[in-house]
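With the hints in hand, could you dock these two chains into one complex?
Chains as they are written, first to last, in my numbering: chain Z, 2 to 199; chain H, 122 to 248.
Think of the hints as simulated: they come from the structure by calculation, not from any bench. One thing to keep in mind: the hints can contain errors.
Estimated spans, in silico, between C-beta atoms of each pair [to be verified]:
1) Z:Gly81 - H:Glu177: 53 to 63 Å
2) Z:Ile3 - H:Ala221: 45 to 55 Å
3) Z:Leu94 - H:Gly165: 21 to 31 Å
4) Z:Arg186 - H:Gly165: 26 to 36 Å
5) Z:Val14 - H:Leu206: 37 to 47 Å
C-beta atoms are modelled at their ideal positions from N, C-alpha and C, and glycine is treated no differently.
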Amino acid sequence: MILLLRAVARFVVLVLLVALALVGLTAAVFSIQGGDSPLSLPGLAEHTRLPEVEETVGDYLDQLEADGPLAKISALAGVGAVLAGVLLLLGVLAPRRKRLVIFDNGEAGRLGARRRTLAGVAEALAEQARGVTQARARVRPRGRLRIARLRVTVSHGRNYQDREVEERVLSAISPLVDSSGLTPRVEARVGKRGARVE
Amino acid sequence: MLARTRASQPPRPASAAPSERAQLARLALDAALGVAGVVSSHAGPQGTWVTADREERLPGVLATALAGGGYGVELHLVTEVVPLLPLADRVRSRVERAAASAGLADVLGPVDITIEDVVTPNEVSKR
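Pulled out of the complex, with its shape left as it was, chain H reads as follows (with noise of 0.2 Å):
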């Protein structure tokens, strides 16, 4: 039903090229999730922790422009029981390698990291 109604449509123009902040979002949440210790991401009890990107959704994380200039990034994390201040700096600077690749690190701003949920290794094994 889903193709049907994609099919039909017109094709995108050029410039529904992915935004900066759409961009930004997903290579953070790329990044977070291949961080050891990071399970999974939270999109929230209503799913209002979402980017759009374009026609998908990034689940867990939200990337919003800041008063002076570049966006902040928050993450929605499941984690397992690992230490979360050393998990969080690698989550960080793992973000911030990734955004300098990709030609983003200046308008990268602070990356704000919330631990949803805490999973313990048998129930990581269950996922």
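Looking at chain Z on its own, in the form it has when it is part of the complex (with noise of 0.2 Å):
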């Protein structure tokens, strides 16, 4: 949702700033010339048809004022307006995503490693204890507890516990645990029908 909502704030950013060079351009031409030449701005808002549109906002601005439907219809359209606007913020400011965990930060350096990366092994490591049909990794990153934690879930068959399983997995993935320092978290269920077999 959130890669949407920046997509789109991105792309309405671009259309913004196009848009607003264009007008700055279009002022700048109009403003060469000055009083009622072709190439002045009195020029420009005749191309324009200024008093027109001024008449026709003077008339929709008339009705607005009125109870009717078209009050109705333009309070709506700005409780959308003010949605939208909104959801672009959401867009523009929330946080991207660690990409990174980061293990140690000291005066020496950084060492970090890539979440993907982590949760990769740590799901060919789950994958590869007795009774396990399918693995699922996830890495968070350190929050205010400042402990990067690894969640995997895992699939098995109906004739193994899942207690044992989940030691099993524990005991596959500690190389991968103890040489990060992340906290494992383990679920194991059951497979579901026809979910892969060992």
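This is the structure in structure tokens:
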């Protein structure tokens, strides 16, 4: 969702910047001459039929002031515009997901690893555990507790207990956990009907 | 084709000796690749983690000037499944030793290490 909002916000920013540049260029060109000359600001107003637009907008505002369907539609459009603005702000301001897990950050330098890499290794190791048919791993970077978490969800066959599979998976991923200081959490469940078998 | 292009170029002046920055990047990369558990360096998906040293490109290492003087080194590495914190310590101490023996210890800043990929022993043997 945030990715989509970010993409839309970028597109809107691009369109607005291009429009702003074009408006600025037009204003600059029509500032070359003065008075009623063709390349003057009054000339630009004439080209864009500004007096007619003023009349149209005036009529619209008159209708808006009065009670009626137009006022309701305009109010709804206003609410929609506010919502769209809030969503665009979210797209611009929402923090990006951290791709790196930082294990150590001292004067000597920083040590980090890609979340996806760590998750991939955890999945590969977990799938080597006896009874595991499928593994999914997610790594969450350090939060307030300064601990990076590794969550591994595994599926297993019906002839194994959750607890024993969890212990085997914990043991299988221990090389990664010991090497990186990740806090593991393993959840085992029986695979769904039709899922992979060992 | 490349050789022909090079042959037609005028001889390089003596000032084309490697810069301190490039020297530091090269020795850091060589030192890191010599550590057991480090498989290779990683230039990044767009090849942006690269330091140019005259006509050569050093993949997976960046040496950047620091505001207070000296250079920070950034290493992007592919490793085996080994304890990462001790590995980082070994890489740093080896880089520091290499910088000291090259007379660049004074300009070496922090050494940042990013593990870009971890490979299993099977994958290592395939490489």
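We went through each hint and held it up to the structure:
1. Z:Gly81 - H:Glu177: 53 to 63 Å: holds (57 Å)
2. Z:Ile3 - H:Ala221: 45 to 55 Å: 47 Å Cβ-Cβ, so the 45 to 55 Å window holds.
3. Z:Leu94 - H:Gly165: 21 to 31 Å: holds (27 Å)
4. Z:Arg186 - H:Gly165: 26 to 36 Å: Cβ of arginine 186 (chain Z) to Cβ of glycine 165 (chain H): about 31 Å, so the range 26 to 36 Å holds.
5. Z:Val14 - H:Leu206: 37 to 47 Å: Hint holds: Cβ distance 42 Å, inside 37 to 47 Å.
Comparing the model with each earlier hint shows no violations; every hint is respected.
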